[in-house]
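J.: Keeping the supplied structure of chain A fixed, place chain X upon it in accordance with the hints.
Chain by chain, the residues:
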Amino acid sequence: MPVQDIKGRPLWQRRSGRESLAHWVMWLIGVAIFAYCWQQISAATTWFFVWDAPRIANDIWTRATPPRWEYITQLGKPIWDTLNIATLGTIFALILAVPVAFLAARNTTPSRFIIRPIALLIIVSTRSINSLIWALLLIAIIGPGVFAGVIAIAIRSIGFCAKLLYEAIEEINETQVEAITATGASRWQVMAYGIVPQILPAFAGIAVFRWDINIRESTVLGLVGAGGIGLQLSSSLNVLAWPQVSLILLVILAAVVISEWVSAKVRGAII
Amino acid sequence: MSELQTLVGRPWKKPPFVQRPWLRWALLIGFVAYLIAAFMTIEVNWARVYEGLERGKQFVLAFTSPDFTSRSGDIWEGMIESIIMTVASSVVGIAISIPIALGAARNIAPLPVYLICRSIIAVSRALQEIIVAILLVAIFGFGPLAGFLTLSFATIGFLSKLLAEDIESMDRVQAEAIKASGARWTQWINYGVQPQVMPRLIGLSIYRLDINFRESAILGLVGAGGIGATLNTAFDRYEYDTAAAILLMIILIVMALEYLSGIIRERVQ
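Taken in order, these protein sequences are the chains called A and X.
For what it's worth, my numbering labels the leading residue of the first sequence as 1, then goes sequentially.
For what it's worth, my numbering labels the leading residue of the second sequence as 272, then goes sequentially.
Since the hints were made in silico from the structure, they are not lab data.
Incorrect hints may appear among the rest.
What follows is a list of derived Cβ distance ranges for each label pair [stated by the list, open to error]:
{"#": "1", "chain 1": "X", "residue 1": "442", "chain 2": "A", "residue 2": "12", "range": "18 to 28 Å"}
{"#": "2", "chain 1": "A", "residue 1": "58", "chain 2": "X", "residue 2": "303", "range": "43 to 53 Å"}
{"#": "3", "chain 1": "A", "residue 1": "74", "chain 2": "X", "residue 2": "527", "range": "43 to 53 Å"}
All residues carry an ideal CB built from backbone N, CA and C; glycine is no exception.
The following block holds chain A by itself, in its conformation from the complex (with noise of 0.2 Å):
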C-alpha cells in the first residue's frame, strides 16, 4: 500500500501510480469490448419492433388473461409425464455417474494418466450440452416422446452429479480408510465399509439438489418434442391461445416452487 507525498502530508492510497495505470487500462479494454458487443447487438436487431414492444407487451397481457382454468383438466398427464422425465432421468444419470465419479476422484481413479482424463472429459462434455439439445439429437436417433426426454436428462445430469460427487470423494477422511485397510478388508470392503459411508450423505444431497434441477428442465424439453408439459406449452404458443400459455405457465411455476420446497425439505433432513 503505497504512501504519496502530496504538499508534505502524507496521503494513503490503495494502489501505486503504475497499479491504477494498469487498473484504468484494464476497464478502458473491458467497456471497449462491450460497446463492440452492443453495437453488434444493437445492429442486428429490428429497432421498429422494440419501440413497439410496451404496445404488444401489453396486448399479450389483455389477451393472456385472465388464464383459461378449464384446461387444466389436460394437464394432468403431462404433469405427470414430466415428474417422470424428471425423476427416471436423475436416477438413471446417478447410476451412470457413480463409476464416473470414482474414475475421475484422485484418490480411487485406477490410472491417473489415462482413465481419470476420460472420466474428466465425459463429465465436461455431457455438462456443457444443454439437455434440450440432448433432446433434439435423441429426437432425432430415437423418435419424440418421453423416453427421449428421460434419456436426455440423464445424459445432461451425468457431469453435474458425477462433478460434485467426486469432489466428495477427494474430500474423504483417509484416516477411515486406513482403519479398514488395516482390518485386511479387501479393495471391495474397503469401498463399501471406508468410502461409500463417507459420501452417502454427499451423494443423497446431490440426488435432491439434481432432481430439482431436472423438474425445471424437463418443463421444457417438450418445446422440441421430448414430451411433458413444454408439448402443451408450445402447440399453445403456436396456435397463440394465451389464455392457455398462461395458465400453462403458471403450473410450470407452481410445479419448480414445490420441487424447490421438497428439494429444500429433504436436503435439511439429510444433511
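T.: Just chain X now, with coordinates in the frame of chain A:
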C-alpha cells in the same frame, strides 16, 4: 446382562438410516411402486428406436470427422453472436446484480429494500431462461436483443442471490472499523464490504459467464439469436457432421472458460 455381553459373538450390522421399521418399509415400497408406475407410462416404440440406431451410429461417427467447412459461414456467425450475447449480458447482468445483492443482504439493507430485492431475485430464479426467451422474442422480435435481455435477467437471480449470501456472512468487524473512521455510506461499502466479497464476486461472475455461454447455445431454438439456430437447422437436415463440429466447439469453449476461471480464482484468492 450388560449390553456388551448381548452383543458379543453377533456380527456387526450397520444401523438403518430410518429407525422406525414400518416407516422404512412404507417409504421403500412407496418409492418402488412409484418407479414401476413411472416406468409403465413410458412408451417406447422399439421399431422406431431400431431404425434410429443407424442415425445414432452416424452421429457418433460424425464426431470423428466433424465438418467445420461446408457451413463455416453460419457456424462462425452463430458463434460470434453467441459470444457477443454472452459477454454483453454478463456485463449488464452483473452490473445490475451488485446493487440488488446489496439490497438483498439483511445486514446492510433496511427491511423494505430487502423484501423488494429478494422478490426480484425470486422472480428471476423461478422463470426459466427458455420461457423468458419465448416471451421476450414475442415482445421484442427475433434476434440477439431478446437473448441478451433473457441472459441478463437470468444472471440477476443467480448472482444477486449468491452474492447477497456472501455479504450476509462477511466479517462485521472490518466494516465497523471503516464506519468508525467516519466514512460515508459509499466509502463504507467501497472499503469495508467490497474488499471482503470481491474474490467471491469474481469467481461467481466467471462461473456465470460460463453458464450464459451454455445457455446462449439453446436460445436460438426459440429465435433469440446465437448458435442454437444453426445447430437446430443442422439437426433438422440430419447434417450430423456439422452438428458435431458445433458441439465440439461449445465443449472446447466451455472447457477453456473452466480452465481460465480456475487460474483467475487462484490469483484472486
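J.: With reference to the structure, classify each hint as holding or not holding.
T.: Outcome of the hint check:
1. 442/X x 12/A: 18 to 28 Å: At roughly 21 Å between Cβ atoms, residue 12/A and residue 442/X fall inside 18 to 28 Å, so the hint holds.
2. 58/A x 303/X: 43 to 53 Å: holds, 51 Å
3. 74/A x 527/X: 43 to 53 Å: With a Cβ separation near 46 Å, residue 74/A and residue 527/X satisfy 43 to 53 Å, so the hint holds.
Of the numbered hints listed earlier, not one is contradicted by the structure.
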